[in-house]
Amino acid sequence: MVSQLSVGGSTLVLLGGLMMLWRRGVAAHIGAFTFQSVALAATMAMVGWFAGDWQLWAVAAALLLVKGIGIPLLLKRMERRFGSERELEPYVNTATSLLIGGLLVLLAYIVTAPLVSVSRLPTRTGMPLAIGLVFVSLFIIISRKKALTQVLGFLMLENGIALLAVLGTHGIPIIVEIGVFLDVALGFIVMQVFVYQIHETFESIDVEQLNRLRE
Amino acid sequence: MSPWLLAPMQGAVALMLAPGLVGAIRWMKARLQSREGSPPWQPYLELRKLFAKEVVVSSNASWLFRAAPFIVFGSAVTVTLLVPLLAVPLPLGGAGDLLVVVYLLLLGTFFLALAGLDPGSPFGGMGASREMTVAALAEPTMALAIFALAWGVGSTNLGQIASRTLSTPSEALAPGHVLAFAAIFLVTLAETGRLPVDNPSTHLELTMIHEAMILEYSGRYLALIEWAAALKLLVFFSLLGNLFAPWGVASVITPGALLWAAVTLALKLLALGGVIALVETHIAKLRLFRVPELLSASFILALLAVTASFLLR
Amino acid sequence: MMATGAPFLTLLLPPLVAALLALVLPARRLVSSAVHAVLALVSLGAALGLVYLVLDGVTPTWGPTDLFRVDALSALLAVCVAFVTTLSALLGPGPGREQHYTPVQIRRFRVFASLFAFTMLVAVTANNVGVMWIAIEATTIVSAVIVPLAVSKASVEASWKYILIGSVGIALAFVGTVLGYFDFVTLVGQRESALNWTVLLANARVLHPPVIELAFVFILIGYGTKAGLAPMHTWLPDAHSEAPSALSAMMSGVLLAVALYAIMRWKAVVASVVGPVFPNRLLVGLGLLSLALAALSLVIQRQYKRLLAYSSIEHTGLMCMGLALGPLGVFASMLHLVNHTVAKSMMFFLSGRILDRYGTPEIASVSGLLRVMPWTGGLFAAGMLALLGLPPFGMFLSEFTLLRAGFADGQSWLMAVVLVFLAVAFVSLLGHLNRMLYGAAPAEVRLGEGSGWAVLPLVGSVALLVILGVAVPAPMTALLHRIVEIAGR
Amino acid sequence: MRALFFLMVTGYATGAAVALGLGTGPLARWASGLAAVVGAAAGLGLAAGVCMAGTGFSLAAPDLLASAGGLAFRLDGLGAVFLALTSLVAAPSALYGVGYSRALDGRPAQRQAGFMLNLFMLSMSLVPLADGTLTFLLFWEGMSLASYFLVMTEADRPEVSEAGQWYLGMTQLGFACLLGAFLLLPAGGPTTFVHLRAAAAVLPTGTRDLVFVLAVIGFGAKAGLIPLHVWLPRAHPAAPSHVSALMSGAMIKMGVYGLLRIGLDVLGGGPAWWGALVIGLGALSAVLGVLYALTEDDLKRLLAYSSVENVGVIALGVGAAFLFQSLQMLPAAAFALAAALFHAVNHAAFKGLLFMGAGAVLHATGTRNMNRLGGLIRGMPWTAALFLLGSVAIAGLPPLNGFVSEWLLFQALLPGIGASSPLVAVLMVLALGMLALTAGLAAACFVKAFGITFLAIPRSPEAAAAHETAWSMRTGMTMLAGACLFLSAASFAILPRLSAVAAPLVGLPAPGPVLRAGLTLQTPDGLAQMSPGIVAASLGLVVLVAWVAVKRFASRRPLRVGETWGCGRVVQTPRMEYTSTAFAEPLRRIFAEFYRPTEDVSIDFHPDSRYFVQSISYRSAILPWFERYLYAPVIARIRLWSERVLTLQSGSVHAYLAYLVAALVLLLGWLVVTGQR
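Residue numbers (the working numbering), protein chains in the order written: chain B, 1 to 215; chain P, 1001 to 1313; chain Y, 2001 to 2489; chain H, 3001 to 3677.
Don't read these hints as lab results, they were simulated from the structure. Bear in mind that the values here come from a model prediction, so they are computed numbers and not experimental data. Quick reminder that beta carbons are idealized off the backbone N, C-alpha and C, glycines included. One or more of the hints may lead you astray.
What the hints assert, rightly or not - Not everything, but these chain Y residues come out facing chain B in the computed CB check (under 10 Å):
id	residue
1	Val2175
2	Asp2183
3	Arg2306
4	Ala2478
5	His2481
Unchecked claim - Stretches of chain H that chain Y covers, calculated by requiring three or more beta carbons in the stretch to come under 8 Å of a beta carbon on chain Y:
id	stretch
6	3149-3156
7	3408-3414
8	3435-3445
9	3651-3657
Working from the sequences, and respecting the hints, build out all of it.
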């Protein structure tokens, strides 16, 4: 039961990542991320419910607050600013991207085999999907050209790790969790500042132009 | 008779014989060329005249120009103290071997070349440059020939080499010996400025070597240099004569033996002089840049000599 | 065991206080500079005090579930961090540099540089590897903010690359951390202290090798990115060359070392679980790749700050390999770390002065340095020779010991390859140095040292390098031997 | 002896400190120079003490560099020879430097030069004293580094900068090899030479061979053996002349010392091919070195190439020692080694002298180009006389010391012809031929060096205005000239000492083969003798007698001074003289296959008639074989790789992240693959 639910939740979270690969508009990307964060918070809450761990509830709530509401709002603001810049020509086209995404999930299955085999937690079955999300997020960051998309990819990467933590360990120690949240929030803010800076100095948020520094 | 008197005696004999040797060669050459020629004692007269004449020195020349003739002459005379002209073993045999002889002669050449450069005349520079080139290229041949000779004896000591051939006469015809003789003979032609390397009778040609170096010399300095050159020729001849065919050289020091040694030496010198005269009559001078070919031929001979020596051990 | 907060607070609080003070103190007054320097010195004193505690056999811990803990390794790194922070407070943007920075920029620099120091100090004193991760992640954030202190296209580009690559890398390290925790939880059960390094190490024997191997790959790639190991090093030359020199000095001098520290901590755990062969192989591989790439990149490098950055990659590669060469290798590697900290921080400060004077980062446009700025030029030459591993500087000793460790470990061929790349690096660095030091000075460049007092502290750096090269102080040797006990397996 | 050791170290250290502290005036120059002279004298005393007493000197300083095992010093016979040689050049160089570096007064370079000079001499003196890997390598690097800075003293000239780069590059290449060689020797534990010897004894053959080859490369690079010589003709001329004297006279010998220390002492000799390798390199260096020297127009470069030649000659002897030892011809081996050592000492004396002479010329005229010199014998009679003495010595002419060691080397190689293996015999014959050719060419080379520089008409106004140098410089040169004479005259006393040093190295008991019979030198078999003293005395006597006789009997008419005769032309100008280039022309043509000269003649005719020439420009260069075919391709290859590596740094953040992920995926894949096994 828990196992199926956790796989279901993880699949939803992963789907959020795959949606990023599929869609091109910034709004759609933000939507995908919001969807993913909500799904992640739900999965966390679910695991917390079954494990009887109040800390996980708290973390899920915080996550919903920060990643499900706060960050999307900021993202929306950015979208209004550079909304016209869509991911028109990613390095890899959509069909191939999705195919590679699938392959990455398969790779995650192979890589995580030892994890699944040693764990006794019922939630362990979702772990390959979490690692899969990590891989897919990395792929997004590599293959997409807009700074904003890269930020989104990075946020998804963190979601993947959070999913991994919750599925594999039912949550890391609270003090670490708090620190991680702080880092995520601060990191996002700084990245956001940089995106604005890029836009100011380069008049575009296309990362491809950042190629002055060589050798 | 003290053996220590031998050294000055050798020197004196060499000094006396050397101009005569040059004169004899010139005379024989003239005869071979059906010319009257000057008498064999002509070089003695020339030396006397030169010593009596006034010296003119270039305004560009330094003290080295005036010192060099003495060093050249000195080195040639010193060599005659070491080479077995009359007797073996020599009192000064322990002071220098064949290598010392070769390098003492090179010392003379070295200073002569410097003296050639000193007045700043293009001829002098030309002569010095060429002389040193020839001398440098003759070195390896000489060294290998020496080692071909030394190998059988295990020593470069002149006395030992000569004694060895004296005691085992068959050695004289050993292939190593014969080849080394040929090699040293060719080196002699080069080192003493004979045809086909240099023409001793030229005095103003663009091809000259030795004469170009000493063009600025006159009077007593020229006399010393001419005498030294004659001595050098004599030394090479006596090496050829007394190392390869040491018969006649005194091995006991008695007046009779020494006299006999002097006579045989004179005969050997005359014979070799005849060969030189013959050679010079029959061949023309080589172009300067073909001289290395001659010297490499002599090097090959010397190499073969060494090889033969240790193949036949 | 000693559980008191005093040493920790004296170590960690000054940079925090400094950050807060920087917000209120006037940026251009000498007094604010002095306050910063004093605070940094307090921190340095605390670090040295910790060294003495550690050498006395005490291992201070502090916080709930021993959150903070200082052993020999931590103490060494803390001293290094505090040392470079002090230099940065003395020589960083501040009075005398008005022509280059506005008060806002100077203030921003002070705030974030202090925070940067704070995060690094936390990273090396945290017992909890999770907290360590948080701190290292935070170093990226706070330092990236001041890379484009003077905004230009190049500096914005560099900072974007830095923060993106750094964050992605460090996120992977978190994956590794989670995996390690996962394995622990699976076997031992959930516990607040489960992420404590001491606890992990104590339970190492029961952990699962396949999981820990997997975790270590993530951790190595992750922290390796911060440490500048190839092929994750790509952000480093950009960030180091575009950042203000004082920040470059802190990044190159200690940030890389802190990242390496994290790897060492995990390596100790991994080696206890799966044996030393697996981690050593990875360390040697990445180290050699870094050394090779860096050495070859030095050959036709055109900018001197990038040159120094690549040289950092080269040295990190060496240290990384040293960690895999047995106890002697660890000893050499740590000695090298200290030397590199002193030398490289000095070099970046000096390159800042050169940049100010010549106004160009190009090597080709810098000439006659010895004549233009005799002190700066002389120190620059000394520092470069130190980096090249020449006596009487400390790196001769540490490189020699490292190579000796390699040969003694039976890795002759590996060491031969190392020697080849070291020679390539040597010749190239030297060629560039030659070009900068000698020759005629460009006409428009002003002659004379100018505010020469600023280089005085760096004379101390050179003296330190010589001391480290001639007679390593006994406490230092003792400390290094302690570290070998901790990490030398 | 401890006292002498500390006096030596203190002397040099004081010199260094004083140079830094006493400013940039004459006081600092003199104080630092004299302190160095004290240091050198102490060094010489220490070396002599060890040589005479026959017992070693040792001292440990475990507190210095304790973390790497501490420093240790020990001086045995071999070390003493090289310490003596170093000190022999160091004292005159320091003295000479006092006058020479007057030009730097008031410049910061003065401080640096004085400091580095003392440091250089100190570390060079400590190299033969070093006992153990760390100490040796430390001072070895110190020596290289200090000399590098000395080379860079006059770094304003672009060729100096280039020279410095070549120098340190080659040095470092060599150092890398040495590091490899030393570290391959022990498997941990203490690394004094005693321990290394024990460790080397149990090494597998392959490793021993590798160590030896690395040592040959490493030490060969320092010694300047061809093809590792490329730095030498660049760096030695670039340095101030007393430094060139030290580098050529002493430093390159440290390469020889190291090779002997590692090859014979620590490894205890090896198979015959070791010797053959060294002989081959030696022969190559000797002949090519002198050939390069011959075509050189730059006086100091000529001397530098001549150093390559002489190191080659020394290597012939060293190689023969290796070879004979492997063939169990131990007395012959000891003899060859003693001869090589003697040549090393001799070369230190005369090459030091010659470089100082060249420095005096440079000082007086501002040029090293022989085509712009000439006639200096009038302006600088002392320098000229001393340079002449050095030239005679280096050309290997009797009765000076160069000839003595050459004679010894000839005699030492001679037994090789008798070796049982025909291969060895043939090798020896060729080596002998090469040695003889080298000697002949060297004579030609130094006729040119002295004749073109000092004789005839000055070829430039600077040369015409040349003046004699400061007396401190002349004193330095005179000291070395005296050393040349002494080494020759006292050779019968010195050789037995060298034989005693050489014998244990090749495995003979201490006194070694007898090389002396009374006042003459003698080969070990007693069959050949030579006495430079008697030869000199006879020569002197003959010259004296001739001089007196000529004075007494020849014409007493006064000398008439006239124009040089010139085929009727009116005025003689320097343009008519033979130049340095012209002097070497015949040999250049003869060895054209090797030189591959490229000549570029362009003639400007008068616009009206082709019979009138306005100007002729002639440029000629010889093919730099080693630079072009050995080093250039390697450098080009490295630069190519560098370019390729730098394309990785493409500027694209996507690419960077892709590397990161690729590394991750590769490692994970590796984990999966190895995990399943």
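Any CB of chain B closer than 10 Å to the CB of Ala2478/Y?
violated, 34 Å
Can you confirm whether chain Y covers the stretch 3408-3414 of chain H, using C-beta to C-beta distances below 8 Å and requiring at least three such residues?
violated (count 0)
Holds or violated: the stretch 3435-3445 of chain H covered by chain Y, criterion of 3 or more residues with Cβ-Cβ distance under 8 Å?
-> Answer violated; 0 residues pass the 8 Å Cβ test.
Q: Using 10 Å as the Cβ threshold, decide whether Val2175/Y counts as touching chain B.
A: holds, 6 Å
| Status of the hint placing Asp2183/Y at chain B (closest C-beta pair under 10 Å) | Holds: closest Cβ of chain B sits about 7 Å from Asp2183/Y, inside 10 Å.
**Request:** Using Cβ atoms only, decide whether Arg2306/Y comes closer than 10 Å to chain B, and label the hint accordingly.
**Result:** holds, 7 Å
Status of the hint placing His2481/Y at chain B (closest C-beta pair under 10 Å) | violated, 32 Å
Problem set entry | Coverage claim, chain Y over the stretch 3149-3156 of chain H, checked by counting residues with Cβ within 8 Å (three needed) | Result for this restraint: holds, n = 3.
>> Verify this for me: three or more residues of the stretch 3651-3657 of chain H with a beta carbon less than 8 Å from a beta carbon of chain Y.
In response: holds (count 4)
Hint violations for this structure: numbers 4, 5, 7 and 8, all remaining hints satisfied.
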